[in-house]
Amino acid sequence: HDGQRMHNSSHQEYIIRREVLDESRLDVVAQKGKWTHKPTVGERMKEMLRCSVPRLKDIVLTWIPVLAWLPKYPFRENIIGDLISGCSVGIMHLPQGMAYALLASLRPVLGLYSSLYPVLVYFIFGTSRHISVGTFAVISIMVGSVTEKLAPDSSFYVNGTNGTEGLDITARDSYRTQVACSLTVLAGIFQILLGVVRFGFVVTYLSEPLVRGYTTASACHVCVSQLKYLFGVTPDRFTGPLSLIYTIVDICKLLPQTRVPELVVSLVSLTILIIVKEINGCYRRKLPLPIPIELIVVVGATIITYFCGLRSEYLVDVVGEIPSGLKVPRAPDTTLFSKIIGDAFAVAIVGYAISISLGKTFGLKHGYKVDSNQELVAIGLCNAIGGFFRCYAVTSSLSRSLVQESTGGKTQVAGVVSSVIVLITVLKIGSLFEDLPKAVLSTIVFVNLKGMFKQFMDVPLLWRTNKVDLLVWLVTFVSTILLNLDMGLAVSIGFSILTVIFKTQLPRYSILGNVPGTDLYLDIEAYKEVTSFGIDIGKLHTEKKKQEAKQRRQQQREKKKEKDEAKKNVCLLELMLYRNSQNGMVLSVTSTVPNLSGKGHVNWAYHADRITSDSDSDTYEDITAVSQSVEEWKNSNCRSGTHSIILDVSMTSSVDTVTVNTLKNIFRDFGDVGVAIYLAGCQGCVVEQMERANFFSESIPKNLLFVSVHDAVLHILEKQEKVEIALVSETLITLQTPQITSFSLSILT
Numbered sequence: 163h164d165g166q167r168m169h170n171s172s173h174q175e176y177i178i179r180r181e182v183l184d185e186s187r188l189d190v191v192a193q194k195g196k197w198t199h200k201p202t203v204g205e206r207m208k209e210m211l212r213c214s215v216p217r218l219k220d221i222v223l224t225w226i227p228v229l230a231w232l233p234k235y236p237f238r239e240n241i242i243g244d245l246i247s248g249c250s251v252g253i254m255h256l257p258q259g260m261a262y263a264l265l266a267s268l269r270p271v272l273g274l275y276s277s278l279y280p281v282l283v284y285f286i287f288g289t290s291r292h293i294s295v296g297t298f299a300v301i302s303i304m305v306g307s308v309t310e311k312l313a314p315d316s317s318f319y320v321n322g323t324n325g326t327e328g329l330d331i332t333a334r335d336s337y338r339t340q341v342a343c344s345l346t347v348l349a350g351i352f353q354i355l356l357g358v359v360r361f362g363f364v365v366t367y368l369s370e371p372l373v374r375g376y377t378t379a380s381a382c383h384v385c386v387s388q389l390k391y392l393f394g395v396t397p398d399r400f401t402g403p404l405s406l407i408y409t410i411v412d413i414c415k416l417l418p419q420t421r422v423p424e425l426v427v428s429l430v431s432l433t434i435l436i437i438v439k440e441i442n443g444c445y446r447r448k449l450p451l452p453i454p455i456e457l458i459v460v461v462g463a464t465i466i467t468y469f470c471g472l473r474s475e476y477l478v479d480v481v482g483e484i485p486s487g488l489k490v491p492r493a494p495d496t497t498l499f500s501k502i503i504g505d506a507f508a509v510a511i512v513g514y515a516i517s518i519s520l521g522k523t524f525g526l527k528h529g530y531k532v533d534s535n536q537e538l539v540a541i542g543l544c545n546a547i548g549g550f551f552r553c554y555a556v557t558s559s560l561s562r563s564l565v566q567e568s569t570g571g572k573t574q575v576a577g578v579v580s581s582v583i584v585l586i587t588v589l590k591i592g593s594l595f596e597d598l599p600k601a602v603l604s605t606i607v608f609v610n611l612k613g614m615f616k617q618f619m620d621v622p623l624l625w626r627t628n629k630v631d632l633l634v635w636l637v638t639f640v641s642t643i644l645l646n647l648d649m650g651l652a653v654s655i656g657f658s659i660l661t662v663i664f665k666t667q668l669p670r671y672s673i674l675g676n677v678p679g680t681d682l683y684l685d686i687e688a689y690k691e692v693t694s695f696g697i698d699i700g701k702l703h704t705e706k707k708k709q710e711a712k713q714r715r716q717q718q719r720e721k722k723k724e725k726d727e728a729k730k731n732v733c734l735l736e737l738m739l740y741r742n743s744q745n746g747m748v749l750s751v752t753s754t755v756p757n758l759s760g761k762g763h764v765n766w767a768y769h770a771d772r773i774t775s776d777s778d779s780d781t782y783e784d785i786t787a788v789s790q791s792v793e794e795w796k797n798s799n800c801r802s803g804t805h806s807i808i809l810d811v812s813m814t815s816s817v818d819t820v821t822v823n824t825l826k827n828i829f830r831d832f833g834d835v836g837v838a839i840y841l842a843g844c845q846g847c848v849v850e851q852m853e854r855a856n857f858f859s860e861s862i863p864k865n866l867l868f869v870s871v872h873d874a875v876l877h878i879l880e881k882q883e884k885v886e887i888a889l890v891s892e893t894l895i896t897l898q899t900p901q902i903t904s905f906s907l908s909i910l911t
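Take the sequence shown: its letter number 108 is residue 270 in the numbering used here, and every next letter is one higher.
In case anyone wonders, no lab produced these hints; they're calculated from the structure. Using N, Cα and C, we set each Cβ at its ideal position, and we do this for glycine too. Accuracy of the hints is not assured; some may be wrong.
[As the list claims (entries may be wrong)] Label pairs and their in silico Cβ distance ranges:
1. 238 to 618: 38 to 48 Å
2. 186 to 690: 37 to 47 Å
3. 531 to 370: 13 to 23 Å
4. 621 to 402: 26 to 36 Å
5. 235 to 186: 53 to 63 Å
6. 213 to 440: 51 to 61 Å
7. 407 to 462: 29 to 39 Å
8. 213 to 402: 18 to 28 Å
9. 497 to 661: 36 to 46 Å
10. 422 to 593: 25 to 35 Å
11. 360 to 470: 39 to 49 Å
12. 331 to 233: 13 to 23 Å
13. 468 to 501: 32 to 42 Å
[What the hints assert, rightly or not] Keeping only pairs whose Cα atoms sit at most 16 Å apart, straight-line, the calculated EDC-like set for lysine to aspartate or glutamate is:
14. 590 to 483
15. 527 to 567
16. 864 to 850
Please take these sequences and the hints and turn them into a complete structure.
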């Protein structure tokens, strides 16, 4: 019979017959007890401190991942791809390293150092196989804002022999190097400490709209900072809010003083870079390797400048001296830490956010795990160790990482190959780039920001999908543009937190109805066949009615004589509120805001502010606001009051003392006016937390908690008189007998 039914129907059916279960009965049926041993704090500490060879091996392999994967490296399968990929990325490191060093207001050779040491450190401690660690535009501009703030040009003017003032470039660059290295080491220390305490999840609080809005605004800062090299002008340096606007205005005023030779070099380089970059993009699958146009432009511009005398005859601004060889490590200036601690923390968080987001993207694409905490330690070590070797803060680069992946790179062996190319350049051929025009490096920066400017397309996308995320994106972008990078980041994070708080205060309500013949309760606005009960009171408390609710509260503040009646009618409910036929409806309040404790979701069942029994608190304002709405509903619909309320707490995974006290108040207040309260869908951990908080008592027995909403509904129906059962039988469920101890369902799936 079952087989014939399955054959004739395209839907599968199942039938369940069981008794109505509350939590007390469930404990008996399921034999609740302590069947497993939960280790104590002392036992857990003892286990953590226990030392053995296997445990020591696991710890070492966790903290030094290269020891886990390098011995298993498939040489024949991966070596060719890693060699080609490493050469391609190494060629990109050379021009980008020097160009991004200018963003940080440092000598170009420091960009080469930053493309060498951190790459080797990440090879040992990193867990991503495809990201390319090194210089990056956003981090470079953040470092540059600090170096220029603490070491401005105005502090290094000296009197010449003929009475004129001259800029001591050597002293300025030396001090800026100290500032950048100290900032890098401090940022690395922050990252290491956060990684050691397993704080990698902190980046989850930097939402994607926030990060993308921030990096887009940073790209605008980068572009403005490079305009002086493109036009060959020297604008004044501005700090503080609106400094970007002031800089743009000053550059516009200086446009008549544009130096034509540098403008021509910029336009020619920019045109060539854009054309070849587009060719690389269009024929990416047909080209075995992307054309290294950046290196070609750098070499070509250097040769032309040297043989045509652009430096001497046309006074084109060039890179200048690039010392050959490596420098001995030097400790950072710790006296600067107090001046840069805030900037260092911002660099640490932003750098890690960029790196882990890119690493997880490649990890998901290629099917391997990227450890967020280990990545935090790895990037921190790159910065902390690199700062001793005159490197400035690094993170992963999108453009280089894409090249490393697309050219066949499989592991971080490609990073070692790229660092070898940078090392050869620093040791032997670095001095050959001394005649490279700075305008060429600026055009390289401009072209590589194309991907960031594409993030402006997030605006129409977020407008269609999530307007709150759009607001976060716009506020982040505008605040970073107007307030600079450090203050902009702080404002952005603060606003993002505010959106979370506002969401918790603005839950959404919807009327639910029962699907005939099932135990399902669905939104009547989304499903046609569900049976609704009563009038939608919940809509009076949605975001659209927020202003009306405020006005009603203002009008009712002095009407305390209505307080008792207000208590009888307050109907702010959580996920579901059931009323049968003449007694009400099903309400749903859904809030998708993460629980502030980090677990589950927050569902507010009771929005009254009163947690204690203080009758003179501001609770009256909220209760009377709802009371007026309820009175309007009663007058227009001639319905009687609620006799039973079901609170569905199935989405709640944790309760605190405030929640427990609030629930006690709900049971007490509604019990005083003859309304029965039931809880449904409590998770086991929630029940245990309630027991520890002494929630259950003679007035609130445990049998008021049911395993599901439908169990509670059937229990309520069982308590009603035969007349009431007959009234609801057609709309909710067909009842064969007034005494229901079990139910039978036939559900289509």
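Quick rundown of the hints versus the structure:
no., hint, verdict
1, 238 to 618: 38 to 48 Å, "holds, 45 Å"
2, 186 to 690: 37 to 47 Å, "holds, 38 Å"
3, 531 to 370: 13 to 23 Å, "holds, 20 Å"
4, 621 to 402: 26 to 36 Å, "holds, 27 Å"
5, 235 to 186: 53 to 63 Å, "holds, 60 Å"
6, 213 to 440: 51 to 61 Å, "holds, 59 Å"
7, 407 to 462: 29 to 39 Å, "holds, 36 Å"
8, 213 to 402: 18 to 28 Å, "violated, 54 Å"
9, 497 to 661: 36 to 46 Å, "holds, 40 Å"
10, 422 to 593: 25 to 35 Å, "holds, 29 Å"
11, 360 to 470: 39 to 49 Å, "violated, 58 Å"
12, 331 to 233: 13 to 23 Å, "violated, 49 Å"
13, 468 to 501: 32 to 42 Å, "holds, 41 Å"
14, 590 to 483, "holds, 14 Å"
15, 527 to 567, "holds, 11 Å"
16, 864 to 850, "holds, 11 Å"
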